[in-house]
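Take these sequences, add in the hints, and give me the full structure.
Number 44 in the UniProt record's numbering belongs to position 44 of the sequence shown; there are no gaps in the numbering.
Errors might be hidden in some of the hints.
Said to hold, decoys possible - Listed below are the simulated DMTMM-like cross-link pairs for lysine to aspartate or glutamate, each with C-alpha atoms no more than 20 Å apart in a straight line:
#1 K38 / E48
#2 K43 / E33
#3 K38 / E68
#4 K43 / E84
Unchecked claim - Pair by pair, the computed Cβ-Cβ distance ranges are:
#5 S85 / C27: 27 to 37 Å
#6 S104 / R63: 15 to 25 Å
#7 N65 / D20: 24 to 34 Å
#8 V107 / R58: 13 to 23 Å
#9 A37 / V64: 17 to 27 Å
#10 Y88 / L24: 29 to 39 Å
#11 P23 / L109: 16 to 26 Å
#12 T66 / E101: 12 to 22 Å
#13 T21 / E84: 32 to 42 Å
Hints are computed from structural coordinates only; laboratory data are not their basis.
Note that beta-carbon positions come from the ideal geometry of N, C-alpha and C, so glycine has one too.
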Amino acid sequence: MREYEGKGNETRAAKELSKDTLPLAPCLAALAELRRAKWYQAKAVPIEGMNMSMVVLRDIRQRVNTWEPLTSWILSMLVQHVLESFGYTMTPGDALRRVFEAISSGVFLCSMILLFYVY
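Written as structure tokens, this is what we have:
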């Protein structure tokens, strides 16, 4: 049976790698952004009305201070789930109306928000 290769080796390896490696936090943030961009290309772009709705919602987020906590990622997930749940093609105006109906119905007031990241 092999010996446990746990924390002792990990800390030694981390000390050896810390000399020339990049900082961990920016690398993880870049990977998250890359994953989100791939998700957006795969899931959100094919939905009609998604891009125009996102342009309007991003503009609202910049102009209205109370919308600042809603990141572009949260808004894109919300819009994608709302428009995908309808199942039919919509005009950009109908798509935006449907998103505002979902927001006004209290989707953000739930104790457990059901926006899942599925890729």
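Taking the hints in turn, this is what the structure says about them:
1. K38 / E48: At roughly 18 Å apart (the allowed maximum being 20 Å), E48 and K38 satisfy the hint.
2. K43 / E33: Roughly 15 Å separates the two Cα atoms, so the pair holds.
3. K38 / E68: This hinted pair is violated, its Cα atoms lying about 24 Å apart.
4. K43 / E84: holds, 9 Å
5. S85 / C27: 27 to 37 Å: holds, 35 Å
6. S104 / R63: 15 to 25 Å: holds, 19 Å
7. N65 / D20: 24 to 34 Å: violated, 43 Å
8. V107 / R58: 13 to 23 Å: holds, 18 Å
9. A37 / V64: 17 to 27 Å: holds, 26 Å
10. Y88 / L24: 29 to 39 Å: Since the Cβ atoms of Y88 and L24 sit about 45 Å apart, the hinted range of 29 to 39 Å is violated.
11. P23 / L109: 16 to 26 Å: violated, 37 Å
12. T66 / E101: 12 to 22 Å: With Cβ atoms ~19 Å apart, the hint holds.
13. T21 / E84: 32 to 42 Å: For T21 and E84 the Cβ distance comes to about 40 Å; the hint holds.
Hints 3, 7, 10 and 11 from the earlier list are contradicted by this structure; the remaining hints agree with it.
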